[in-house]
Every structure is written in structure tokens, then in C-alpha cells.
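Numbering (my numbering) for the sequence shown: 102 to 244.
Since the hints were made in silico from the structure, they are not lab data. Please note that the accuracy of each hint is not assured.
To be verified - Cβ pair distances, simulated, as ranges:
#1 R219 - V182: 18 to 24 Å
#2 P175 - P151: 16 to 22 Å
#3 R132 - R180: 32 to 38 Å
#4 A187 - A120: 31 to 37 Å
#5 D208 - G184: 18 to 24 Å
#6 R135 - A183: 31 to 37 Å
#7 S163 - G206: 25 to 31 Å
#8 A120 - A152: 16 to 22 Å
#9 D118 - G215: 14 to 20 Å
#10 P141 - S170: 28 to 34 Å
#11 H153 - L228: 18 to 24 Å
#12 R212 - R172: 31 to 37 Å
#13 M230 - S170: 17 to 23 Å
Treat the numbers as computed from the prediction; the structure is a model and nothing was measured. Beta carbons: idealized from backbone N, C-alpha and C, even for Gly.
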Amino acid sequence: MGPSADHIAKTDPPTLDEAAIAALVDAFYARIRRHPELGPIFEAAVHDWPAHLRLLTAFWSSVMLGTRSYRGNPMAVHRGVAGIHAGLFAPWLELWRQTARERLGPDDAERIIGHAERIGESLKMGLGMARTKELGLRIVGQG
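Build the full structure now, drawing on both the sequences and the hints.
Here it is, written out as C-alpha cells:
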């Protein structure tokens, strides 16, 4: 007779803490740097990778853990990035989703992905890259 379900070791998802976020950020940016389209843009924009990784770990720790360790203005930083365009957000987000799902437990991965999706949309809107929809409203006083 084989082992019962009570005796089979279960692997719990890693606890979401600053170390897990740092590992996620490191793995994600390693992929970004190898990406054919994103890599050159990040390589041109980031001059000190260790400092950038620490900054982004602080950002995501602030978002996910409430550490308040991030000091910065993501919108202002992204405004100054040469070559950034709306088409880059989809591959960036896909790499983030893939890395988060590999590195975090399912619930934490989906939470951090949700935050990244909202942040990406906010950045696109703030940078004037968001798609707009025709509302079909007639302005009063015009034909």
C-alpha cells in the first residue's frame, strides 16, 4: 500500500516578502535585458543595474507589502525614456506575468500581476499612449 495523502509532503508557495520580491525583480529584469525589443531600450536607459534593481525592489515592496521604501516618480522617469511606445507594454507585461507565476504562489502572483496591469495602463495614459474610444456623444450646440 502506498503512502496516504496525509503523508505526502506538500510544497507551500513561497511567502511574499522582500526577498521574494527581490528575486522576482532580478529574474524579470534578466529576461527584459535579453528581450530583442525591450532589452536595448532598458540598456540605454539604465546606467546602474544594481541600483535599478534595488529601486524596483523597493517599488514593488511598497506596492505589495506597504513598506513605503520607494522614493521616486515613475511617470517622470518613463517620460524621459527614449524609444518608449505603447507597443512595448504588452511584451513587458507578458514577461512580468510569466516571471511572477514562476516565482510566486498563485494568489500573490495574480495580485502582483493585477497591480502591474493597472500601473501599465496608468503609465500609458500618463504618457499619452492609451487607446481612446469614440464615445458617440454629440456636443450640445454643434450640428
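Against the structure, the hints:
Remark: the range hint 18 to 24 Å for R219 to V182 is upheld by a beta-carbon distance near 20 Å. In this structure, P175 and P151 meet the distance hint of 16 to 22 Å, their C-beta atoms being roughly 19 Å apart. Checked against the hint of 32 to 38 Å, the C-beta distance between R132 and R180 comes to roughly 24 Å, which is inconsistent with it. About 34 Å separates the C-beta atoms of A187 and A120, a value consistent with the hinted range of 31 to 37 Å.
Distance hint for D208 and G184: a CB-CB separation of about 35 Å, inconsistent with the stated range 18 to 24 Å. Evaluation of the 31 to 37 Å hint for R135 and A183 yields a failure: the beta carbon distance comes to about 20 Å. With their beta carbons about 20 Å apart, S163 and G206 fall outside the hinted range of 25 to 31 Å. A beta carbon spacing of about 18 Å between A120 and A152 agrees with the range 16 to 22 Å that was offered as a hint.
Between D118 and G215 the C-beta distance comes to about 19 Å, which sits within the given range of 14 to 20 Å. Checked against the hint of 28 to 34 Å, the pair P141 and S170 passes, with Cβ atoms roughly 29 Å apart. Checked against the hint of 18 to 24 Å, the pair H153 and L228 passes, with Cβ atoms roughly 19 Å apart. About 23 Å separates the C-beta atoms of R212 and R172, a value inconsistent with the hinted range of 31 to 37 Å.
For the pair M230 and S170, the beta carbons lie near 28 Å from each other, so the given range of 17 to 23 Å is not met.
Going through the hint list in order, the structure does not satisfy hints 3, 5, 6, 7, 12 and 13.
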